[in-house]
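**Student:** Count the sequence shown with our numbering and you get residues -10 to 83, in order.
If you're looking for bench data, these hints aren't it; they were derived computationally from the structure. If you're wondering where the values come from, they're calculated on a predicted model, not measured in any experiment. There is no bait here: all hints are sound.
What follows is a list of derived Cβ distance ranges for each label pair:
(1) 72 - 33: 18 to 26 Å
(2) 77 - 19: 18 to 26 Å
(3) 19 - 64: 19 to 27 Å
(4) -6 - 38: 34 to 42 Å
(5) 30 - 60: 28 to 36 Å
(6) 58 - 25: 19 to 27 Å
(7) 2 - 35: 35 to 43 Å
(8) 2 - 79: 36 to 44 Å
(9) 61 - 13: 14 to 22 Å
(10) 27 - -10: 35 to 43 Å
Pairs of lysine-lysine, DSSO-like flavour, derived with a Cα cap of 30 Å:
(11) 2 - 64
(12) 81 - 30
(13) 80 - 44
(14) 44 - 2
(15) 44 - 78
(16) 7 - 64
(17) 44 - 30
(18) 64 - 30
(19) 64 - 12
Ideal placement from N, C-alpha and C gives every residue a C-beta, glycine not left out.
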Amino acid sequence: MTDNEMTDEEIIKDRANKYGPAKRCFETWATMCETLNQYAKESGNINPAHLYALKMNLLKIVRSAWNPNIEDNYKDGRNYLTIAHQCIKEKKGQ
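All chains, full assembly: derive it from the sequences and hints.
**Tutor:** Here is the structure:
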C-alpha cells in the first residue's frame, strides 16, 4: 500500500514501525541537534545551511539506531553529509 492509499493514522503507525515512536524519535533528534548547535556555536564557525544538513544526517542516525535494516537511511545520511560539505565549499567560493 502506498502513502497515497493510507490514512494519516496508518502512515503514522507505519513510520513508527520503521523508525520508532515519533515522540521519542523527535525528542532524541532534538537533543542531538541542540548539542550540535552548542558545539558549533563554541567553534565560531556557524554556517546555517551546513548545520541543517548535518542535523538531517543526525535524523538518519537516530532512525538507523531504531531500525538498522532500512537501507534508505544510510544512503540519505551519506548524501546529507555530501550536501553539508558542498555548503562549506560554496561559502569558501570553491
